[in-house]
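K.L.:
Single-letter residue listing:
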Amino acid sequence: MTTATMDNKGIQMPILLVAGIGFLITAGLVMFNLSSQGHAAFNISNDGLFWGFPIVVYDFFLLTSTGIAMVACFGFLFTGETFRPLFARSLWLALAGLSGGVAVLMMELGYPLRAMFLIPFSFAFSSPLYWKVLAVIGFTVCLLLLIWRARATQSTLDSLRGLTRLTLLFAILVTALAGVVYGSQSFRPFWASGDIPAAFIVESIVGGLAFVYFFTLLAYGFQADKVPVSIRSVFAGRMGGVFAWAIVLHLVFVVGRTVNGLYGNVEGLQAWQYIVSSPLYWIELAALMTALVIMFSHALRRNILVQVAAAVLVMVGLFIGRYEYIIGGQIIPLFKGSWAPPVLSYAPSSTEWLLLIMAIFLANVVNALGGVLGITRSR
Amino acid sequence: MAKWGMVIDLDTCTGCQACTTACAMENSRLPGENWQDVLFYHEGKYPNVQLKWLPRPCMHCENPSCVSVCPTRATYKDPEGGFVLIDWNRCIGCKYCQVACPYGVRFYTDEKAVVQPDIRTVFPSEEGRQWDPPWKGPQDDPRRGIGIQPHGVVSKCTFCYHKVSQAPAGVPDLDEDIPELKEYVPACVRVCAPKARFFGDLDHPESRVNKLIADHRGTRLKDETGNKPQVYYLSGGASAAVPSLRAVHQDKA
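Protein chains in written order, with the working numbering: chain A, 1 to 379; chain B, 380 to 632.
None of these hints come from the bench; they were simulated from the model.
A quick note: this is a predicted structure, and the numbers were derived from the prediction, not measured.
We treat Cβ as the ideally placed atom computed from N, Cα and C, and that holds for glycine.
Treat each hint with caution, since some may be false.
[Said to hold, decoys possible] Only part of the chain B face toward chain A is listed, based on derived beta-carbon distances under 7 Å:
#, residue
1, Ser-447
2, Cys-449
3, Ile-471
4, Gly-472
5, Cys-473
6, Tyr-475
7, Gln-477
8, Pro-481
9, Phe-486
10, Asp-489
11, Glu-490
12, Lys-491
13, Val-532
The following block holds chain A by itself, in its conformation from the complex (with noise of 0.2 Å):
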C-alpha cells in the first residue's frame, strides 16, 4: 500500500461506533413513536401536503447517492487513473447514501414490506415509481457489482469500463425518473416541468461532489499532512473547477425557476412568493453563492478545510433546496374552500427530524464500515 492510498483506519473506528450508536438510539425512537402513533407522528395530513419531511429525506439521500456513484463513473470514465484513489471510497459511499434514503422510505410507507416484493412485479408500466424502483434495484446491483469487481488487484480501467458505463447509466437513470415522478404532475405547475429530470442530474452531481469531497476529507481528520497528494492535487485541480461549474448550472436553475415562477399567475406558482419570503431561501442561495466563489479560487480550494467548509454549504443549500420543491409543490391547497388557508402550513415534527439524524448515522455506520474492512482503500 503506497501513501496515495492508505486509508486513515483510525478515525473510521470511531466514527463507526458513535453512528452505530446513534442509529440504533434514533431508529429504537422512531420505530416506538410510529409504534405508538403511527404515522400521527408526522405532520402530514390529507389537507394537501401528503408528502413531507420524510420524502424529502429520502430523495435527498437517494439523489446523492446517485450523484456520489455519477461522480465517481465520469471520473472514472474520463480521467481513468488519476481518479483511482477515490473510485473505491466514492462507490462505497454511494451505497451509504442510498441506504439511509431507503431506510427512512420504509419509515414513511404504508406497507413497506408490500412494496417490496408487489412493485417489481405489478409491471404498472405507466407509472413513474414502478420504473422508478426497478432503475434503483439495476443501480445497487451494479454498485455492488463495481465495488466488488474495482477491489480486486488486477482490475484496470479497461476491465471496468463495461460496468462502470452501466452503472452511470443506472444512476442517471434513477435521477431522472425521481424528477419524472414531480416534472409529470401536470396540475401542480410548480413541480412540473420538462427541465426537472436534467435539473435533478445537475443537482445530484453537484450533490455527489460535496459529499465525496466531505467524506474523504473526512476519512483523514481533515488533516491535510494526512491527505495523498494525488488526492490533494485532484480536490485542488479539475475536479474543483468542475464543482464550481457544476453549482453555476445548479443556480442557473434554482433562480430560473424562481424568477419563471414569481410571474406565473397559473394557481400553485404562489408558493413562489411564500418560498421567496422566507429566510431559508436566501440561505439557500447565500450556502451556493459562497461555495461557488470558494470553488472558483484556485488560492482558496487548495486548502482543505475551505474544501470542507464549500461541501457543507452546498450539503446544507440542496437540503434547503429539495424540502423547498418537494413542499412547495403541495403548499397551496386544491379544492379546500374558504375554511383552507391560502397556503399550508408544514413544519416536520420531531419524529420527521430523527428520521433525517437516523439516516445521517446510518449512511455515516455504512461508510465508515467500508473504511474500518477496507473496502474503500483503492487499490
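With the hints as your guide, set chain B onto chain A.
P.N.:
Then chain B, alone, in the frame of chain A:
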C-alpha cells in the same frame, strides 16, 4: 356494459351536506375524512359577498391520473362499470395517487385526526382497521376499497360500488324515485333532498344523465387535466363555481 356517471345540479344544490353525512354513514368514514364533501367558498367583499359551494365526490375519471401513477396497480379502473377503485390488499400507502389526483379526493387516515377528540381511540379496531364504529354497514370488500379503511392504505369514494354493481343490467338510470331501483342508488344521490344529484349510465343513449348533460351543458371539473371525469356539473350561472384561491388570498390581504 355500463359507464356509471353522476350529474350534480349546482343551481338546485342547497349545500345541506346530507350527501356528506349519508356517505360517511354508508362507508364508515372517520369524522372529517369525507369521501363526499361540500366545499364552501366566498367571493367578493362586503357588501357584495357571495357564498358558494361545490359538492365534490371522486370524479371516477375516464382517464384517471391516480391509476396511471400507482406503482402496484392497487388503484384500477373497473372495466364493468367505469368505477375507479382501490385494492387495499395491494396498496402500499405511498400516497402518489393522492399527489396525482387534481381533485383532492383521496384519504390516508393514519395521520393526526382531523376532528378531535380522535374517535379511533374511542372505538379502536382489533382487526387492523382504522376504527370499529358501532353502526358500520355489512359490506366489506378490501379488493375494491369497500368497508372500514385499514391502516397504511389510501381510500376514496367508490360510487357506492357495493350497491350500484347489484343493479339490474341495462338500466339507464339509478333513481331513488323508482321503488325497485332505490336500493342500488349511491347513498349521496339517494338522500339528496332537493334532488340535485342524478346517477346513470353515461353510455346509455336513453339515460337521464345524458339528457341533462346535453340539455344543460354539463361541464366537468378541471377538464384541462385530461382526466375526463364521469361526474358532470350543471350550472346556469346563478350558482357555484370554483373561485381562484389567489382571489381568496388577495381578499384576505
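K.L.:
Starting from the hint list further up, note which numbers the structure goes against and sort them upward.
P.N.:
The structure breaks none of the hints.
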